[in-house]
Structure formats: C-alpha cells, structure tokens
Amino acid sequence: MKSVEAMNTFVQDTGGWVASQLEACTRCGMCAEACHFYQASGVPEYAPVWKMELLRRAYEQKFTLIGKVKVALGVDKAVSDQDLEEWSKYLYYACTVCNKCSMVCPMGIDIGSLIAEVRAGMAAAGVVPDDLMAAVNKQVEEGSPLGVTDDVFESRMEWVADEWEEDLPMDKKGADTLVVFSSIEIMKFPTNIAAIAKILNKAGENWTLSSKAREIVNFGFYEGSHEHTKMFLERVFDGAKELGVKKIVVTECGHAYDAIRWHAHNMMDVPDMEITHIVGLIGEYVDSGRIKLKAGALDNGKTYTFHDACKIQRKGGHINEPRQVMKILAPKSFKEMSPNREEAICCGGGGGVIAIKDADALRYQTFELKVAQVNQVGADTVVMSCSNCRLQYTDCVEHFNLDWKVAGLSQLVADSIMD
Amino acid sequence: MNWTEILAFTRGPLFQVALVIFVAGMLYRLVRVLMLGWQKDKVPAKGSKAVGVVKSFLKGLLIFPFIPWVKRTFTKNPVIYLAGGLFHLSLFVVLILGAAHMLVWKSLLGFGWWTLPLPIVDWMAAVGIVAMVALFINRLFNPVLKLLTGPAEWLNLAFVFLPMVSGYMLTHHLFFRYEVMFSIHMLTVDFLLIWIPLSRISHFMFYFFSRAIHGQEFGKRAVNP
Ligand code: HEM
Ligand code: SF4
Ligand code: SF4
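Those protein sequence lines, which keep their order, are chains A and B. Count the first sequence with the numbering used here and you get residues 50 to 468, in order. Count the second sequence with the numbering used here and you get residues 92 to 316, in order.
Be aware that a few hints might be false.
What the hints assert, rightly or not - With a cut-off of at most 20 Å between alpha-carbon atoms, the simulated SDA-like pairs for lysine to any residue come out as follows:
| no. | chain 1 | residue 1 | chain 2 | residue 2 |
| --- | --- | --- | --- | --- |
| 1 | B | K146 | B | F295 |
| 2 | B | K311 | A | K126 |
| 3 | A | K126 | B | T240 |
In case anyone wonders, no lab produced these hints; they're calculated from the structure.
Please put together the full structure from these sequences, using the hints given.
Here you go:
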C-alpha cells in the first residue's frame, strides 16, 4: 500500500519541529493569498495550508488522542492511496516550494519546509509525476537529468574553453575552490559557464572543475526523496574531498543551492568546507576590489530589473549582492519590481514544475503575475541569478511573445569587468 | 436549584474543574510535542538566529498595524486581517485590561494591575463581537476557508463567541436578570476552557514555537523574517 509508505515517512520525520508548527496552524487561510498558483488560478486546493493537509492528518492520526478519536468516530478517515494521488498534483504541479507563504502566515509557519516533507511522503509512496521521476531516474543512472555524461561534460567544457577563450581548469589538485555548474547551464546556457570562468580568472581565484562533481542539479530534492537527495549530494562532496578544496561554489542554480547549503548538513556528513553561491562570491569580489566593474556600463537608455529567485534570495540570503552589482552597472536604469527581495513573487517554474509537461498550462497562467510585475516597471531586460528561473522566463517570453531580454547576472558582470 | 445556586455552581466548582482541565490539557499537549524530540540544526548560519527571532515576534505582534513588509497581503485579504486583528486586540483588552477580568486574575494569581476605563473596554468588547461576525461570514463565503472549515472550526467560533456575547449582555443588563445572564456567561466560559485544549484555539501556545522557528529559519539565512 502506497499510503503505508507515506505514513511511515511522515511518522519518521515528525519531531517537535514539525509537530509544533502543525499545531500552530489556525486554519485561517491567509497563506492562500501568498501563493502565486492560487493567485493566478483561484483554485482553493492550491492554498499552501491545503497542500500540507496530508501531513497534518497523518500527524493527528498517529500522534494525538484527538486524531485517534476522530478516526474511531469516523469524523476523519485514514490517509488513502487516492488522497496521495490527488495531493501529488497539488504538490508537484502547483508548488515551487518557494516559501513565500511562510512570509504571510500570521503564525510564521515554515510552510515550504512542511510541504517539502509532504513531498518526502509522496516520494516514498511512489506517486511522483512521471516526467519528474524520469528525470530523477536519469540522474541516478547517468549522473544527470539532462544527459550530461562524462563524455558530454568533457566535450562541452572543452568547447566552452575554446569558443570563449577562457581557462577552465579541470580536476586541479590543490585548488581552493571547486565550482559546480548545473546541467541547465552546461546544456542550455553555456555562455554562463564562460562568464563565470572569466569572473573567477579575473579575480585570480585558484579554482577548478571536477569531472566527478560535475553537476550540482539535484532532482532528488525536487522529488522529495531523502535517499536520492543524499545520493546526488554525495557525488558533489566526493569530488570536492578528492580534490581537497576549501570551498564549493554553486553557480546559477537555485534549488541545488538550497539542498547543499541549507539541508545537506542535517541529512548527512558534510566535509568541513565553505559552501556559497556565485552571487555571494561576486559580491565579495566587488567589495574587496578583486574585480572592478565598469560603472554605468548598462546605462544605455534601457530599463533593467532584477528577479529574486526563491532559493537564492529569499531562502538563500543573497538579496543584497545583486542589487549592489546592478547599482554599479546601471545606477540610472535599474528599477525594482514590487514586491521584491524576500517578498518577491516566484517565477513559477521552480521546484521541478517546469519539468512536468502536464503542469504547463498552470505554469504559464502563473507567469502572468510576473508579466504584470515586469511591465509595471517597464523593464526591457530582466536579470536573474538562477538558471531555472531563466529557463522559465525564456520559455514564457516565447510563449507570451514578449519583447523582454532575459539575462543572467554573472553574464552582465563578466561583460563589464575592467582589465 | 435557583439561579443564585446555579451561579454559585458555575462560578465555583464547575469553574474550578474547567480550569484544571484547561491547565492539565494544555500541559499534556505541550509535553507531547516537546517529547517528540528536536533535531539539532547543524547547518552553518549566515546571519543571526537570535536577531531573526526578535524580528519575527515584532512582526507577529505588529502585523496588524500595517507595517510595510506585510502591506501586500493586507491588501489581498483585508477582512481576515482587520477582523482577525481587532478580534484578538479586543480579547486582550477585555481579558487583561478590563477591570472585571483583572479581578478574576487577581483572585487566581494573588496580584492585580492597572486597568483601562470601562467605556473603552466596553467599546472594545463590541468591536470584538462585530469582528467575530465578520470572521464568521468570511468563513462562510471565502472559497479557501470553505475547504478548511469543518465542525471543529465552527465550534471554535461558537465557543469563543458565546462568552463574549453573554459577557456583553451581562454588563449592559440586556434581556435577562443579572444572575441568569451571569450564570450563562460563566457556563459558556467553563465550556470554552474545556474546549480549548481539545481544539485549535490552543494556537496561542504553539504560536511561540512557530514564530521562533520562523525567526530562526530566516535569521540564519540573514533574511528579514
Ligand atoms: C498569543 C496569542 C494569540 C495569537 C498570536 C493568536 C493568533 C491568531 C491568528 C493568527 C489567527 C488566525 C487569523 C485570524 O483570524 O486572526 C487566530 C484565529 C483565532 N484565534 Fe487566536 N491568537 C491568540 C490567542 C487567542 C486566544 C486566547 C483565543 C480565544 C480564547 C483565540 C481565539 C481565536 C479564534 C476563535 C480564531 C479563529 C477565528 C476564525 O475562525 O477566523 N486566539 N488567532
Ligand atoms: S511554497 Fe510557494 S508555491 Fe508552494 S504553496 Fe507556498 S507560496 Fe505556493
Ligand atoms: S496562514 Fe498559517 S495559520 Fe493560516 S492557514 Fe495558512 S498555514 Fe495555517
């Protein structure tokens, strides 16, 4: 029975941290207004509190007297396989685990984390949408959901090095910093790789790529499976340990950063090294003067705005660095969307949603919120620091036939570095 | 039994039993949750958890008076914010700053405190009642709340509403004789006290957990909660 597996996971993962938050929920429904999927579609089942309903029921039925009495009296039914199938849609099609809802909940419940926990139950029960699961399995078998095998990795990197004439050190023993790209960058945004290499080289960083830790993407984390999440993290840590680096830098990838920076330590043994994001590193370089940016390089009469990624800004803490950079590059033509920073509206493609074909209609509908936001500031170019957001933006720009440019922050930085 | 005796019973033995059930029930709920165990957070922090917790509670307390960083959700769901906020403010004013209830606290705790003038307390009580009606109507029609509301949620509203209305009628000598109204008020209070540990009204205790967790999670990421 699927529901048994799910229940076991829920029970296993429920400690005081989860329980006290489930107990705190007053079922006031305010979180609904925070969720871009609910805002865009008006479907009540997309309310964040409803997405974690299964976890609440599981908790009550397994841990509380009242819950047991309710089941005995028939007021509540045990969580069933059908429930899981139904919730699978709400959790994977209509949630990017962006945690905006937590900002709005008057009780401050960390709803995003609890929803991720419901996904863990789904993963254990095997009710993850097929498209997403196919990508997970591909990553298990080939090491990458987008087919970045050893050979592909090597040839792509050689090609980037040739094409943009940048030095891309590979498996360099004694390097301080290991840089791990996402497969989206490797396959779809190779300019990002060249750009980041340029920034690191200009800053004089002693860095390397690893043929073992070649891919930061973690589809197990989307899936919610602890086992797969750890498996993919392990590959990165193994590569890092082998090279003996002091620091791991995650490039423009959001959820992977969330997994390795904010979850890994509580799931497994993590080697003692600093883990940071390329945006954080760029901020450090600019602060310390290791790279100098051409002031006003982008003040060309066009308007720029910055899209905050849920996993890098709101959940990653790198909110100020992109602004610091944009204010140097475009002091006159940088405009903020509203709401922004930790309050920002998610792109709608994260959390694995963009990998699920059946979720496309909802994903486009949700992006209309971003269209309105960007048009409000009249931006010509939307800058971001997450390739997953960028994938969503590029796809939606085409879908809605918009005339915006979509740019990665690292790219703009690399283009404006002074010698 | 005449009304004087009923009043004596609802104010005396029944009230005491209800209080004991309330305290014991809440303690049980608290201990149950504490005993589930707390995994140590091993993630290296970027910012200060303590600062996050302080900000989180400030935001929680001030969420009602329009602080800038909640403005956008306020505009999205004004009824719940306004009515919910006013309702809780009213509860606080009447139960803590009203002279009548302060005296109850004094008899239980042994000390009292400064109270607000009666007309203010009285107005706030009326505001609370109106706010509850608004919450009730909102729950009837809001599509998300319809999904979330079962018998337990209706009972929550009812169990809180009854003591408020009966208390208001009591102070204004409406409809019934004083002893009758007072008895009804005490009876509804006794029921509420017993109901709280069985229901989600216990949220006022877990509030301190969830807001602290919220502050830690955002604080450690160096993000404003
Ligand atoms: C630390 C103290 C408390 C906090 C932070 C708190 C917070 C909240 C919040 C955030 C809500 C949901 C939104 C709303 O309707 O405003 C709520 C609902 C509610 N609270 Fe409280 N509360 C507290 C104390 C109490 C107490 C002492 C009672 C009753 C004796 C109470 C009764 C209720 C009721 C009945 C609701 C549901 C209203 C509805 O159905 O919409 N609360 N509370
Ligand atoms: S985490 Fe984001 S997408 Fe998921 S329910 Fe909350 S607001 Fe909606
Ligand atoms: S806003 Fe918070 S307390 Fe209200 S229903 Fe949502 S999760 Fe529960």
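**Asked** Hint numbers the structure violates, sorted upward?
**Response** Going through the list in order, the structure violates hint 2 alone and respects the others.
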